[in-house]
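If you want the building blocks of each chain, they are given just below.
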Amino acid sequence: LAKTTQPISMDSYEGQEVNITCSHNNIATNDYITWYQQFPSQGPRFIIQGYKTKVTNEVASLFIPADRKSSTLSLPRVSLSDTAVYYCLVGAFYNNNDMRFGAGTRLTVKP
Amino acid sequence: DTEVTQTPKHLVMGMTNKKSLKCEQHMGHRAMYWYKQKAKKPPELMFVYSYEKLSINESVPSRFSPECPNSSLLNLHLHALQPEDSALYLCASSQDGTGRYEQYFGPGTRLTVT
Numbered sequence: 001l002a003k004t005t006q007p008i009s010m011d012s013y014e015g016q017e018v019n020i021t022c023s024h025n026n027i028a029t030n031d032y033i034t035w036y037q038q039f040p041s042q043g044p045r046f047i048i049q050g051y052k053t054k055v056t057n058e059v060a061s062l063f064i065p066a067d068r069k070s071s072t073l074s075l076p077r078v079s080l081s082d083t084a085v086y087y088c089l090v091g092a093f094y095n096n097n098d099m100r101f102g103a104g105t106r107l108t109v110k111p
Numbered sequence: 001d002t003e004v005t006q007t008p009k010h011l012v013m014g015m016t017n018k019k020s021l022k023c024e025q026h027m028g029h030r031a032m033y034w035y036k037q038k039a040k041k042p043p044e045l046m047f048v049y050s051y052e053k054l055s056i057n058e059s060v061p062s063r064f065s066p067e068c069p070n071s072s073l074l075n076l077h078l079h080a081l082q083p084e085d086s087a088l089y090l091c092a093s094s095q096d097g098t099g100r101y102e103q104y105f106g107p108g109t110r111l112t113v114t
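Here the protein sequences come in this chain order: A and B. According to the working numbering, the first sequence is numbered sequentially starting from 1. According to the working numbering, the second sequence is numbered sequentially starting from 1.
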């Protein structure tokens with residue numbers, strides 16, 4: 001079971017780039033790394049997923065070093081609406097339940 | 001259609017009541033999930049159905065009973081709940097249960113047990 005560790009909270013200002021790092025030292029070969037965003041009283045929303053190296057989509061980038069023991073979510077030019085909790089999820093479900101959300105990072109974007 | 005729907009949106013029930021939460025998706029996904037989320041905590045996995053096979057989280061009390069009538073529907077039957085079961089119950093689905101596909105979450109059912 002790959003456990004994840006994230007910073008509890010981060011503050012940023014509008015227009016800045018935000019990098020949130022997740023540690024997952026015992027990640028398994030079959031595990032994928034997925035990041036979700038959650039606003040209060042809503043279900044989490046998928047941001048990005050990766051297995052190794054770098055992945056980029058229209059909203060974020062995900063950097064994964066060669067040893068895959070950590071990953072960094074990069075949010076370019078954040079706005080006030082990016083204030084949310086960001087979860088790092090590592091795991092693969094086959095015949096056991098090892099899909100687990102980490103504690104999450106509460107990002108506050110200030111004007 | 002990339003939506004997961006959940007009903008009801010809010011539910012208040014007494015400790016002796018029996019109620020059900022419903023979840024539906026029409027994306028052809030073969031894995032569906034129930035999560036429980038307490039305030040300021042991460043979602044906690046309760047149950048997973050993958051290709052209509054149930055995998056039970058061992059820490060879930062028997063007063064929670066999942067049902068998957070077909071690949072598009074997922075129910076959570078509730079009986080004799082405790083006040084500490086009050087939480088946001090989230091349903092999600094994904095293409096399969098391997099972890100390589102994103103999960104789509106519903107808006108949740110806010111459950112209050114009195």
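Careful, some of the hints might be misleading.
What the hints assert, rightly or not - Now the in silico label distances, taken between C-beta atoms and shown as ranges: (1) B:His10 / A:Thr83: 18 to 26 Å; (2) B:Lys9 / A:Asn57: 41 to 49 Å; (3) A:Lys54 / B:Thr16: 32 to 40 Å; (4) B:Pro61 / A:Gly15: 43 to 51 Å; (5) A:Lys52 / B:Gln95: 17 to 25 Å; (6) B:Ser62 / A:Ser74: 22 to 30 Å; (7) A:Val55 / B:Thr114: 40 to 48 Å; (8) A:Lys54 / B:Met15: 36 to 44 Å; (9) B:Thr114 / A:Ser81: 47 to 55 Å; (10) B:Lys40 / A:Asn57: 27 to 35 Å; (11) B:Met15 / A:Arg45: 32 to 40 Å; (12) B:Glu67 / A:Ala66: 14 to 22 Å; (13) A:Val59 / B:Thr7: 27 to 35 Å.
Since the hints were derived computationally from the structure, they do not count as laboratory data. We treat Cβ as the ideally placed atom computed from N, Cα and C, and that holds for glycine.
Status of the hints after comparison with the structure:
1. B:His10 / A:Thr83: 18 to 26 Å: The hint (18 to 26 Å, Cβ to Cβ) holds, given that His10 (chain B) and Thr83 (chain A) are roughly 25 Å apart.
2. B:Lys9 / A:Asn57: 41 to 49 Å: Violated, at about 30 Å.
3. A:Lys54 / B:Thr16: 32 to 40 Å: violated (54 Å)
4. B:Pro61 / A:Gly15: 43 to 51 Å: Given a distance of about 47 Å, which is inside 43 to 51 Å, the answer is holds.
5. A:Lys52 / B:Gln95: 17 to 25 Å: holds (20 Å)
6. B:Ser62 / A:Ser74: 22 to 30 Å: violated (44 Å)
7. A:Val55 / B:Thr114: 40 to 48 Å: holds (46 Å)
8. A:Lys54 / B:Met15: 36 to 44 Å: Check failed, 51 Å falls outside 36 to 44 Å.
9. B:Thr114 / A:Ser81: 47 to 55 Å: violated (35 Å)
10. B:Lys40 / A:Asn57: 27 to 35 Å: At roughly 28 Å between Cβ atoms, Asn57 (chain A) and Lys40 (chain B) fall inside 27 to 35 Å, so the hint holds.
11. B:Met15 / A:Arg45: 32 to 40 Å: Distance hint for Met15 (chain B), Arg45 (chain A) holds at roughly 33 Å.
12. B:Glu67 / A:Ala66: 14 to 22 Å: For Glu67 (chain B) and Ala66 (chain A) the Cβ distance comes to about 44 Å; the hint is violated.
13. A:Val59 / B:Thr7: 27 to 35 Å: Hint holds: Cβ distance 29 Å, inside 27 to 35 Å.
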